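Residue strings, one per chain:
There are 2 protein chains.
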Amino acid sequence: MDSSELKRAGLKATLPRLKILEFLENSKVRHMSAEDVYKALLESGEEVGLATVYRVLTQFEAAGLVVRHHFEGGQSVFEMEHGEHHDHILCVRCGKVDEFVDETIEERQKKIAKEKGYSMTDHSLYIYGVCGECQKEE
Amino acid sequence: MDSSELKRAGLKATLPRLKILEFLENSKVRHMSAEDVYKALLESGEEVGLATVYRVLTQFEAAGLVVRHHFEGGQSVFEMEHGEHHDHILCVRCGKVDEFVDETIEERQKKIAKEKGYSMTDHSLYIYGVCGECQKEE
DNA sequence: AAGCAAATGAGAAGAGTTCTCATTCTTATT
DNA sequence: AATAAGAATGAGAACTCTTCTCATTTGCTT
Ligand SMILES: [Mn+2]
Ligand SMILES: [Mn+2]
Ligand SMILES: [Zn+2]
Ligand SMILES: [Zn+2]
Chain S
12 MDSSELKRAG LKATLPRLKI LEFLENSKVR HMSAEDVYKA LLESGEEVGL ATVYRVLTQF
72 EAAGLVVRHH FEGGQSVFEM EHGEHHDHIL CVRCGKVDEF VDETIEERQK KIAKEKGYSM
132 TDHSLYIYGV CGECQKEE
Chain R
12 MDSSELKRAG LKATLPRLKI LEFLENSKVR HMSAEDVYKA LLESGEEVGL ATVYRVLTQF
72 EAAGLVVRHH FEGGQSVFEM EHGEHHDHIL CVRCGKVDEF VDETIEERQK KIAKEKGYSM
132 TDHSLYIYGV CGECQKEE
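The listed protein sequences correspond, in order, to chains S and R.
In case it helps, our numbering puts the first sequence at residues 12 to 149.
In case it helps, our numbering puts the second sequence at residues 12 to 149.
Don't read these hints as lab results, they were simulated from the structure.
Careful, some of the hints might be misleading.
For identical chains, the list gives no copy identity; a pair is met inside one copy or between any two copies.
As the list claims (entries may be wrong) - Distance condition first, Cα-Cα at most 20 Å in a straight line; then the derived SDA-like pairs of lysine to any residue:
no.	residue 1	residue 2
1	K18	T63
2	K121	H97
3	K121	H99
4	K121	Y137
5	K122	V112
6	K127	G143
7	K107	E148
8	K50	T63
9	K127	T115
10	K107	E126
11	K147	M131
12	K107	S135
13	K125	T115
14	K125	D109
15	K30	A51
16	K121	F111
17	K122	S135
18	K121	H134
19	K127	G106
20	K122	H97
21	K125	D113
22	K107	Q86
23	K125	E114
24	K18	E36
25	K18	E92
26	K121	C145
27	K39	E57
Keep in mind it's a predicted model, so treat the numbers as computed, not measured.
Use the sequences and the hints to build the structure in full.
The following block contains the structure:
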């Protein structure tokens, strides 16, 4: 296990943190709720408390290792930070998540913030729709 | 009290619904949580149950009288529907909410949905920042 | 005015998340 | 390698926001 990433983030290399980080890095699914992470770890035989999963994900977020999203549906969704900021388009039927980057939108947002007198700190953009697959069914 | 708006929406003109609708229409604050509405009604001496406020706001939403937003912070926020779709920019310090419309962004979103093969149903865009007022303090 | 379906409201319940605190683990120091 | 001190963990309680349940009340039609 590679504890250097945790150390670099200023976090002690504890077993739960290592397990969660490893899981996030190796998972084929990019966007996961705390519960998702918790269950997946349980199923692979790892003993980690749910409270710890929540705590650690929040710490990872603060450390910039992970990004939190608020998709519709109430629960926070996390994904490994991988450099480039991006936004999301989600299927309201099957839950599929796609990512995109649009410089025009990014620029426009900055412009709007400036016009309104705000110093922009963040933004969130979600497009909802029915994905190609789900359109076929029916 | 004007019950025609409710009738038109296919809703019985009950007292709680009339009170809530009247309050939303006359409130100077445009964006309010269910709790906000509930408390405001209590303070003005109106007896309405919290469960009813939640229920009625959801019905108003389904009827298109009201729009629901998911601002950061967990609770749903409602506002009277007034024709034009718009997005929001919010102050992370004082909670101020401003509205804007940007056709370029709207178009881009449609384009992205099409490119990704989605039939777009909805979208949500929030810009977060520090408003002019709050920038002065400090 | 009567009858009936629909709506209400109080409180229980549910979902997601955070908190509490006794126990365990990590890391620095011998 | 053993020790000490502080940090992290995990079980469950607690919390927030929202929905559900169901006995009672209300609105609307006749
Ligand atoms: Mn993503
Ligand atoms: Mn608005
Ligand atoms: Zn789909
Ligand atoms: Zn402000």
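What are the numbers of the hints that this structure violates, sorted from low to high? none
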